[in-house]
Amino acid sequence: MSDILIILLGTTILYIFAASRIEAYVKALALQGTILFLLIVVDIKDISWINFAFLILETLIIKGIIIPYFLLSVIRKNEIGREVEPYISQFYSVLIASLIFMFGFVAAFWSAKTNAGIKPLYFGVSIILIIASLFLIINRKRIITHILCYMILENGIFLLSLSVANEMPILVNVGVLLDLFVGIYLFVIFFNKIQEMYDGNHIDTLTELKD
Amino acid sequence: MITLVLFVPIILGIFSLIIKKSYFNRISLFGSVVLYILVAIAVWSNFEWYILPDWLMVYFQFDNIGLYFFSVMTIVFASVSVYSLFYFEAHLLTAKQESIYIAEILFFIVAMTGVILSTHLALLWVFIEATTLTSALLIYFEKKKSSLEATWKYVYICSVGIALAFVGIILLSIGSRNINSLFFNDLYKNAKEINPFWLKISFAFIFVGFGTKIGIAPIHAWLPDAHSEAPSPVSALLSGALLNSALLGLLRIHEIFIKANSEVFSNSLFLLTGFLSLVVTSVFMLRLKNYKRMLAYSSIENMGILFIGISLGNLGFFAVMIHLFAHSLSKSSLFLTSGNILHLNKSKKIEDVKGLLKRDPRTGWLWIVSMLAIIGLPPFPIFLSKFLIIRAFWLSGTGWLIIPFFLLLIIITFGMSSAVFKMSFGEPLNGESENIKLNLAAYSPQIVLLLLLLVVGIDMPQQVLTLINNAASFFH
Numbered sequence: 004m005s006d007i008l009i010i011l012l013g014t015t016i017l018y019i020f021a022a023s024r025i026e027a028y029v030k031a032l033a034l035q036g037t038i039l040f041l042l043i044v045v046d047i048k049d050i051s052w053i054n055f056a057f058l059i060l061e062t063l064i065i066k067g068i069i070i071p072y073f074l075l076s077v078i079r080k081n082e083i084g085r086e087v088e089p090y091i092s093q094f095y096s097v098l099i100a101s102l103i104f105m106f107g108f109v110a111a112f113w114s115a116k117t118n119a120g121i122k123p124l125y126f127g128v129s130i131i132l133i134i135a136s137l138f139l140i141i142n143r144k145r146i147i148t149h150i151l152c153y154m155i156l157e158n159g160i161f162l163l164s165l166s167v168a169n170e171m172p173i174l175v176n177v178g179v180l181l182d183l184f185v186g187i188y189l190f191v192i193f194f195n196k197i198q199e200m201y202d203g204n205h206i207d208t209l210t211e212l213k214d
Numbered sequence: 397m398i399t400l401v402l403f404v405p406i407i408l409g410i411f412s413l414i415i416k417k418s419y420f421n422r423i424s425l426f427g428s429v430v431l432y433i434l435v436a437i438a439v440w441s442n443f444e445w446y447i448l449p450d451w452l453m454v455y456f457q458f459d460n461i462g463l464y465f466f467s468v469m470t471i472v473f474a475s476v477s478v479y480s481l482f483y484f485e486a487h488l489l490t491a492k493q494e495s496i497y498i499a500e501i502l503f504f505i506v507a508m509t510g511v512i513l514s515t516h517l518a519l520l521w522v523f524i525e526a527t528t529l530t531s532a533l534l535i536y537f538e539k540k541k542s543s544l545e546a547t548w549k550y551v552y553i554c555s556v557g558i559a560l561a562f563v564g565i566i567l568l569s570i571g572s573r574n575i576n577s578l579f580f581n582d583l584y585k586n587a588k589e590i591n592p593f594w595l596k597i598s599f600a601f602i603f604v605g606f607g608t609k610i611g612i613a614p615i616h617a618w619l620p621d622a623h624s625e626a627p628s629p630v631s632a633l634l635s636g637a638l639l640n641s642a643l644l645g646l647l648r649i650h651e652i653f654i655k656a657n658s659e660v661f662s663n664s665l666f667l668l669t670g671f672l673s674l675v676v677t678s679v680f681m682l683r684l685k686n687y688k689r690m691l692a693y694s695s696i697e698n699m700g701i702l703f704i705g706i707s708l709g710n711l712g713f714f715a716v717m718i719h720l721f722a723h724s725l726s727k728s729s730l731f732l733t734s735g736n737i738l739h740l741n742k743s744k745k746i747e748d749v750k751g752l753l754k755r756d757p758r759t760g761w762l763w764i765v766s767m768l769a770i771i772g773l774p775p776f777p778i779f780l781s782k783f784l785i786i787r788a789f790w791l792s793g794t795g796w797l798i799i800p801f802f803l804l805l806i807i808i809t810f811g812m813s814s815a816v817f818k819m820s821f822g823e824p825l826n827g828e829s830e831n832i833k834l835n836l837a838a839y840s841p842q843i844v845l846l847l848l849l850l851v852v853g854i855d856m857p858q859q860v861l862t863l864i865n866n867a868a869s870f871f872h
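Residue numbers (the numbering used here), protein chains in the order written: chain A, 4 to 214; chain B, 397 to 872.
Check before you lean on any hint, since a few could be wrong.
Said to hold, decoys possible - Here chain A is said to cover these stretches of chain B; the calculated rule only asks that three of the stretch's residues, wherever they fall, bring their Cβ under 8 Å from a Cβ of chain A:
hint: 1; stretch: 513–521
hint: 2; stretch: 594–603
hint: 3; stretch: 621–634
The set of hints was computed from the structure by calculation and includes no laboratory data. All residues carry an ideal CB built from backbone N, CA and C; glycine is no exception.
Start from the sequences and build out the full structure, keeping to the hints where you can.
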């Protein structure tokens, strides 16, 4: 069951690479949050109930509902154009995505052999998510897509932490979640300000400061 | 005591935000300053007073190196607070704006204190990310178009960098599976049992993440923008305290390598990026047009020197501790003085400032003397630390590296001093009044900082020497 969910998580990344509308990104994000929630329900055992409740809050409520809703309302309010506007054309992007997937699967096979106590499929897909999000960050012109790709990066890191059995102290979990939440909140505040002050929301407009 | 430094400023900051009265703002700012100074003195003199719950004690602790970083931060914090009084007056801030500024400063200070005191690797990460978030609004405090751009770059670049550092932390927990704990003490005790492959790969990620916050080349892109666009007291805090606390995070990881006897790997990374920072600074220093950016690049340079010192080990660590203290104080003094210059000339361009010594002799002299302190003219302690680093090069058998080190420093010194002298001497531009005298708060913090540097440089008090020795002995 968990394998199917992990594969589904991987396909959301392919969907994001192929999609050309910004709203599709947000929907994919909400889907990722929900899948992570299901993964925890299906796969995580032997943790304290408080940590479990916390993980549910983090995945389903925060990653699955609140943040996507928040971002969607920002996008609709600012009437941002629909296109994601990549630097590299869609065709080559998908080509690169398949290369990233290949690398992720190689990492998964390799980690299965190392006997390091990690779940191979989790490990491979989380690496795919992390590398893909970094690639998307450099390949998109719009500032809003940078925020969305940061969320994908965070999801990848979350999955990576699930691939390791070690449990973090609850204090740390709370801190990580708080940072993530405040971070997104600040991103959106500054995004709105940039929208107001600069005409447009392309990263190319931010070129006043240089040497 | 730890409870006090972590919670009191937050509570005072929240009350400032609620009450919004000028007198209360000052009470909360200076109350926190006095508290920090008292706690630093109390811990120095081994006075212990625990009031916090036991479970919190596990996560926060004053160790020797933490105490040293805390003390340096407290000095910078105190001087920035005094200077802020001038900043409020010069910018005609309302009580509401003041309260926002002070609350943000206090939250920022608590976040940095958290970084310094954390005993758990992931908790340290949480606080480093918190420093980014709490300082972002401070950089945007003047609400200009350019400061918005700087803030965006700062928040985004640092958040992505810090996210990568978290990847490193997870990879480290894979390698240390048999230890099953990320408390530094457990990691140090069992350093030899950590799988070397995972340790190295995790260090690469953590190095990139924390290195972004430290502002080391080639991941320094946010630093000149943020330092130049923030209000001057905030720039001083960023350069004098934030960079250090992120550096402490990296040092604590480096210690794992030393304990595992595989420091060759981390040392080579430190050495390489340290020299790269010097090269980047020397390339830009000669063509800079903005004096606050010049100071920011000088921070990159000094972080590079610290990295080089770390890579050299033993004597290098001692030099690093002195250099860190001296850089924080002299750079804070420079940034605060740059606030005076900005107030007098309303321009950050070097070419717009002429005849500073005639226009405002006090600011002019502070600008020159602080510059002499940062380039390491004796008797300022940076001379001592650079000298010790050169000696450490010699002792470690890499004496030939002294030549590029020295050449790069000369280029940087030339670039910086020529800009400072160009601004200080000559006649003021047409129509500018001479012999202005600003508020006392605009000069006194820098004078105190420079005096402290002179005392340490001429005849280091025994207590300071013990403190530095204790901090340097962390790496054994």
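Checked hints:
With a cut-off of 8 Å between beta carbons, the stretch 513–521 of chain B has 4 residues touching chain A; three or more are needed, and the interface restraint holds. Only residues whose beta carbon comes within less than 8 Å of a beta carbon in chain A count, and the stretch 594–603 of chain B has 1; fewer than three means the coverage is violated. Restraint check on the stretch 621–634 of chain B versus chain A: 3 residues with Cβ-Cβ distances below 8 Å, three needed, restraint holds.
Checked against the numbered hints given earlier, the structure breaks only hint 2 and satisfies all the rest.
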